[in-house]
Every structure is written in structure tokens, then in C-alpha cells.
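Q: Listed below are the residues making up each chain.
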Amino acid sequence: AQTVTQSQPEMSVQEAETVTLSCTYDTSESDYYLFWYKQPPSRQMILVIRQEAYKQQNATENRFSVNFQKAAKSFSLKISDSQLGDAAMYFCAFGNEKLTFGTGTRLTIIP
Amino acid sequence: GAGVSQTPSNKVTEKGKYVELRCDPISGHTALYWYRQSLGQGPEFLIYFQGTGAADDSGLPNDRFFAVRPEGSVSTLKIQRTERGDSAVYLCASSPGQAAYNSPLHFGNGTRLTVT
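Those protein sequences? They're chains L and C, same order as listed.
The numbering of the first sequence is our numbering, which starts it at 1 and goes up by one.
The numbering of the second sequence is our numbering, which starts it at 1001 and goes up by one.
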């Protein structure tokens, strides 16, 4: 079975500081993609960043970057210079056609 | 429209009733997905369409759940004999093509279904 574990139900960070959200997963597949999605109160899932499992180089999108450790099946998200608009639920996911999601981490930004 | 549209936004129904949830994908998107998100959980895959056909329906929990996409655009998720455990947010997503990476998913705002 494919599973995703997000061990931090809630995290908080001071505005302008850096925070890291953790994610581990389990799969027997060798080729897959990894994603972080953000879900604000509007319920819409918004793609934050994505990573191809066969690429060793960590993906970066502006203030968002990942630390992908394939052997450890770990895929953490680092948010730099945190902003009030970053407050949301963050979900880690992996897969190909269909995605398996974790249970999410609620991120609070402290002004 | 600019994004994926789901109607209704909220639906309250009584146990045992039949409900239909509608999804209008982004124009031209060939792939369409349904996910279910229970309270405090991440989305769970239900079914995936490529064009008019269901390419993967392995996530449908039982035969009370059915989805169609007759013209390869709008999709309807149908739930018969609703149960209180069906209460959740039902999310629809569409993408231009097949691979999740090359064609990232665009999600709608979901339909919150409450079964009383």
C-alpha cells in the first residue's frame, strides 16, 4: 500500500522566518512524482511545488524549496521569509495519474 | 470559466437519499479526477477520467458511488442511498493531459456534502 505521513499536525512560524514541514512516504514504485499542495479556507488545493523522483536536484520555486531524500523516502518543504498569506493547510502527495495525500499540516504565521 | 467549477458548493441531504455533484473542468482539459476529503484528512482518490471513459475507478468505495462524463467535459458524481459516513468535501480536478507532473492538477473549491 502507498502511504504518506505528515507527522506535524500543526506548525507556527514568525513572519519573515523560515519553517520546514516534514513528509515521509512509502511506495514500491520506482518512478513517481512528489508534490506539496496548499489548501486555504476556500478549500481549493493549490500546487506549491513538485519534484520528479528520478531527479536528484531539489526543486525550488521562489521562497519554497524541498529536501528530497529518495532512499529515506523523505520529502520536506522549506518556506523562507514566511508571509501572512502562507497560512493554510499544507498537504504532501505523491503518485503518477492518481495522487496519495498525507493528512496535512496546518501552518500558522505569527505577525 | 477560468477555473474548475463545482456545484453545488454545499449540499445537505437526508440519509438514504440520492445526490448528484457536478464538476465543470477547465475548457480543453482531457483528464478529470474526483477526490473525497473527510474531516481532518487529506484528499482520497475516487476516480479518474481520460476523455469520456473512466481510466481508473479503483477509489470508488462501493457500488453506491458512480461517476459519468458523457461528452468528455462536465462530470457528475452520483451517490445512491447516502449514508452519514459519506459526509465529506468532494473535490474535482482537471488537467490538460495524462501525467500528473507534466499536467498538474487544477482543483475546484469542492462540494461539501452533509448527510443527516
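Incorrect hints may appear among the rest.
What the hints assert, rightly or not - Listed below are the simulated BS3-like cross-link pairs for lysine-lysine, each with C-alpha atoms no more than 27 Å apart in a straight line:
(1) Lys55/L - Lys1015/C
(2) Lys1011/C - Lys98/L
(3) Lys1015/C - Lys1078/C
(4) Lys55/L - Lys73/L
(5) Lys1017/C - Lys1078/C
(6) Lys1078/C - Lys1011/C
If you are wondering where the hints come from, they were derived from the structure by calculation, not from laboratory data.
Q: All hints, please: hold or fail.
A: Outcome of the hint check:
For the suggested pair Lys55/L and Lys1015/C, the alpha carbons sit about 48 Å apart, so the restraint of at most 27 Å is broken. For the hint pairing Lys1011/C with Lys98/L, the CA-to-CA distance comes to about 26 Å; that is within 27 Å, so the pair holds. Proximity of Lys1015/C to Lys1078/C is assessed by CA-CA distance (about 14 Å); at most 27 Å being required, the pair is judged to hold. The suggested pairing of Lys55/L with Lys73/L holds, with an alpha-carbon distance near 13 Å, which does not exceed 27 Å.
About 11 Å separates the Cα atoms of Lys1017/C and Lys1078/C, which keeps this hinted pair within 27 Å; it holds. Simply put, Lys1078/C and Lys1011/C have alpha-carbon atoms about 13 Å apart, close enough for the 27 Å limit, and the pair holds.
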